[in-house]
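Here is what each chain is made of, one letter per residue.
Protein chains: 2
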Amino acid sequence: MNREPKTAEILCVGTELLMGNTVNTNATAIAQGLAEAGLNLYHQGVVGDNPQRLREALELALSRADVVITTGGLGPTYDDLTKETVAETLGRKLVPHEESVRWVEEYFRRLGRTPCPNNQKQAMMPEGATVFQNHNGTAPGCAVTGTGRWERKTAILLPGPPRECEPMFREQVLPYLRGESGSRLVSRSLYFYGIGESDLAQKLDRLMRESKNPTVAPYCKPGEVMLRVTARVEEGEDPAPILDPVVEEIRREAGEWLYGVNVGNLQTALVHTLLAKGLTVATAESCTGGLVAQRITSVPGASSAFEWGAVTYSCRTKHGMLGVSQKTLDKYGAVSVQTAMAMAHRARVKSGADIAVSVTGNAGPEPSEGKPVGLVYIGLESEKRTSVQEMHIRATESGGREYIRELAASRALYLALQEAKLWVK
Amino acid sequence: MNREPKTAEILCVGTELLMGNTVNTNATAIAQGLAEAGLNLYHQGVVGDNPQRLREALELALSRADVVITTGGLGPTYDDLTKETVAETLGRKLVPHEESVRWVEEYFRRLGRTPCPNNQKQAMMPEGATVFQNHNGTAPGCAVTGTGRWERKTAILLPGPPRECEPMFREQVLPYLRGESGSRLVSRSLYFYGIGESDLAQKLDRLMRESKNPTVAPYCKPGEVMLRVTARVEEGEDPAPILDPVVEEIRREAGEWLYGVNVGNLQTALVHTLLAKGLTVATAESCTGGLVAQRITSVPGASSAFEWGAVTYSCRTKHGMLGVSQKTLDKYGAVSVQTAMAMAHRARVKSGADIAVSVTGNAGPEPSEGKPVGLVYIGLESEKRTSVQEMHIRATESGGREYIRELAASRALYLALQEAKLWVK
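Chains as they are written, first to last, in our numbering: chain A, 40 to 464; chain B, 40 to 464.
Take these hints with a grain of salt, some might be off.
[Said to hold, decoys possible] Distance condition first, Cα-Cα at most 25 angstroms in a straight line; then the derived DSS-like pairs of lysine-lysine:
1) A/LYS389 x B/LYS366
2) A/LYS366 x B/LYS389
3) B/LYS423 x B/LYS389
4) A/LYS260 x B/LYS260
5) A/LYS316 x A/LYS389
6) B/LYS389 x A/LYS389
7) A/LYS389 x A/LYS460
8) A/LYS460 x A/LYS316
[To be verified] What the simulated footprint calls covered on chain A by chain B, stretch by stretch (three residues with Cβ under 8 angstroms from a Cβ of chain B suffice, anywhere in the stretch; the number is not a length):
9) 328–339
10) 355–365
11) 440–451
Since the hints were derived computationally from the structure, they do not count as laboratory data.
Because the structure is a prediction, the values reported are computed rather than measured.
Each residue gets a CB set at the ideal place from its N, CA and C atoms; glycine is no exception.
Start from the sequences and build out the full structure, keeping to the hints where you can.
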């Protein structure tokens with residue numbers, strides 16, 4: 040059993056990546072998995088469907104890394120050449136793989152279609168390969184070791200479409216790599232709201248730099264940061280003694296911004312908290328235009344916690360459909376503390392939900408009613424509490440509108456989550 | 040003036056890319072721009088913030104390409120090394136760039152902050168470089184040619200954050216590359232709904248393969264395809280004689296699926312059509328949970344065309360808040376032709392909008408009311424017309440729910456667009 044970390048390299052094959060037709064999410068997903076698995080990754084590359092350039096890139100990657108992971112070029116057509124090029128480079132013959140033939144036939148049967156002769160090409164595999172079944176398409180993947188010059192090297196071939204590549208990598212390749220190393224990885228994901236990545240990194244600087252087992256890695260998106268704490272343990276070893284002290288240290292340093300462990304995201308944390316307590320939420324949105332409702336209902340099972348949302352974009356419908364008083368709208372304007380409070384109040388009264396949140400603001404591009412772009416009010420009302428928060432979101436010119444809407448929706452979800460957590464029903 | 044197409048290479052620098060913390064959207068945006076500009080791109084690479092590996096990767100890229108475009112590593116901290124490494128490799132000294140010093144000071148002044156000494160490092164530029172101002176951050180970019188061995192080569196350095204990199208590339212680097220080539224590019228974007236990429240590619244196979252000026256390139260996302268037709272013309276030359284015949288040929292072959300030229304996307308096409316005709320739309324959503332409203336309100340100016348949307352997730356609120364009759368819900372169920380029609384009808388009556396669309400269906404993960412996952416009904420009502428469409432969306436296990444919701448929302452937007460186009464008000 041070899042505990043020395045291996046070096047991996049990612050090589051994505053596909054002219055569509057070089058043309059910019061496709062965002063390379065495969066590379067991100069694989070890089071994340073490799074980091075969690077504790078493999079070193081120093082290079083990623085992209086080449087087109089060209090056998091000469093693919094071969095050169097492959098040989099360079101094999102010369103630098105123990106494991107080379109390719110994506111793409113496993114399809115049935117003549118320009119899908121990855122398997123042929125890798126097999127030739129590693130000195131492996133392609134032979135028919137009986138199980139793959141059956142998988143492809145079965146896949147087509149389920150879709151009510153007939154495989155064409157080209158699909159048989161997809162069932163040819165390098166001799167001696169470990170084959171990975173494709174649950175979402177026709178091209179199996181595989182892991183194959185080299186011969187001669189490359190005898191200590193492994194190539195792992197994955198299909199190109201992310202809906203095929205990413206599940207195959209997570210469900211089959213990571214366990215394969217783990218099996219190779221004789222150990223397994225256990226993670227805890229810590230979700231933070233209200234603190235930026237750089238502030239969090241500064242608070243946890245030493246821990247993030249020095250901690251090797253477990254590793255601590257940040258992942259961020261607008262307004263949120265997630266820290267993944269990952270321990271490498273032997274089969275049968277309890278990960279808690281490795282993970283718990285580090286998680287506790289993170290809680291000590293940054294616990295006030297931590298909204299959940301292994302919760303997925305704000306909307307999932309909210310829906311699960313509501314379901315656990317038998318609570319319901321309603322929404323009344325202006326500038327977010329349905330984004331809060333949409334994020335809540337993206338969570339499977341949301342239907343028991345979310346019954347109703349209103350998107351009242353104009354003053355007329357804030358009054359006519361939601362019942363905000365015309366006096367409030369006239370006196371304070373649509374973007375105001377008072378309107379935000381009234382929207383949350385009316386949403387709770389009309390729906391009978393336990394908690395109602397409202398969003399009203401100016402997402403741009405122009406100031407309106409004399410209110411600047413980025414000024415947003417978030418209202419919350421429950422049986423126990425009424426609150427309004429004012430946000431000033433500073434957005435760049437490009438993409439500003441979506442950024443403001445996303446951050447405002449996150450704040451509404453966060454406030455609803457905090458309220459639901461306080462509730463003992 | 041050299042019309043020979045140049046070869047470019049993209050080299051992204053950043054440990055966050057190797058850790059999988061960030062999706063490499065910069066590479067996609069740059070690749071798209073290079074394809075439109077008619078430069079050849081055969082390789083993309085990613086390396087970490089390591090000067091040795093960066094230098095090796097840079098030398099390999101310079102040996103293969105005329106222009107190497109880097110992203111990342113222009114920040115103020117000690118591990119931002121791209122500029123230093125490129126300057127050293129190309130044999131160029133770093134010298135203070137007065138305008139950049141002023142830009143950085145001005146940027147901080149706008150944010151009400153004071154620049155730290157490290158920011159002065161960002162105003163150092165390779166001697167003789169063309170400098171690109173950063174409108175969304177502190178790190179300027181630049182283009183610099185090499186000396187000695189690399190005297191025919193150009194390196195273009197861009198900042199890493201996509202919100203800084205992509206506008207700088209579009210607004211400053213593409214015109215710079217065009218200026219180098221003495222010609223400019225003019226594009227038309229054709230948007231299709233209801234035809235898959237492979238079917239469209241088959242219909243236009245010869246055109247897409249053989250057309251060199253203009254080029255024809257497809258970009259796709261779930262349920263939609265966009266074709267970009269790009270002509271290269273001399274300064275002052277009219278692009279219409281080059282573009283028009285190809286656009287006409289595409290219309291002849293696939294016009295029935297074309298929903299607009301240069302329209303951006305379904306929601307933008309819808310909002311602009313509504314605004315042009317003085318029409319309004321309302322939404323009533325179940326399984327899409329606010330996604331249709333959210334996409335409509337993502338378009339600047341939507342407030343004059345969209346007043347109101349309802350997210351009625353439960354039967355109780357479909358009846359109580361929207362006014363769908365209990366009899367309809369009991370007899371046919373929430374996922375039915377009749378409920379979709381009643382939702383659209385009630386949304387139109389309640390809101391007074393000219394057009395109302397409704398979505399009700401099962402987005403999964405489990406069958407409900409005996410209705411399979413992926414069964415969705417889209418209703419539409421206007422003064423002139425009532426219609427319902429049934430969709431059977433086949434989704435893979437992972438990501439299926441979001442996929443179903445996205446495709447259902449697109450269909451609702453498309454139907455509303457078709458209706459709005461027919462309208463003469």
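To see whether the hints hold, each was checked on the structure:
1. A/LYS389 x B/LYS366: Within the cut-off at roughly 22 angstroms; holds.
2. A/LYS366 x B/LYS389: With Cα atoms ~22 angstroms apart, A/LYS366 and B/LYS389 stay inside 25 angstroms; holds.
3. B/LYS423 x B/LYS389: The hint holds at about 17 angstroms.
4. A/LYS260 x B/LYS260: The hint holds at about 22 angstroms.
5. A/LYS316 x A/LYS389: 21 angstroms, holds
6. B/LYS389 x A/LYS389: 15 angstroms, holds
7. A/LYS389 x A/LYS460: 23 angstroms, holds
8. A/LYS460 x A/LYS316: 9 angstroms, holds
9. 328–339: Held - the stretch 328–339 of chain A has 10 residues with a Cβ nearer than 8 angstroms to chain B, which meets the minimum of three.
10. 355–365: Since 3 is at least three, the answer is holds.
11. 440–451: holds (count 3)
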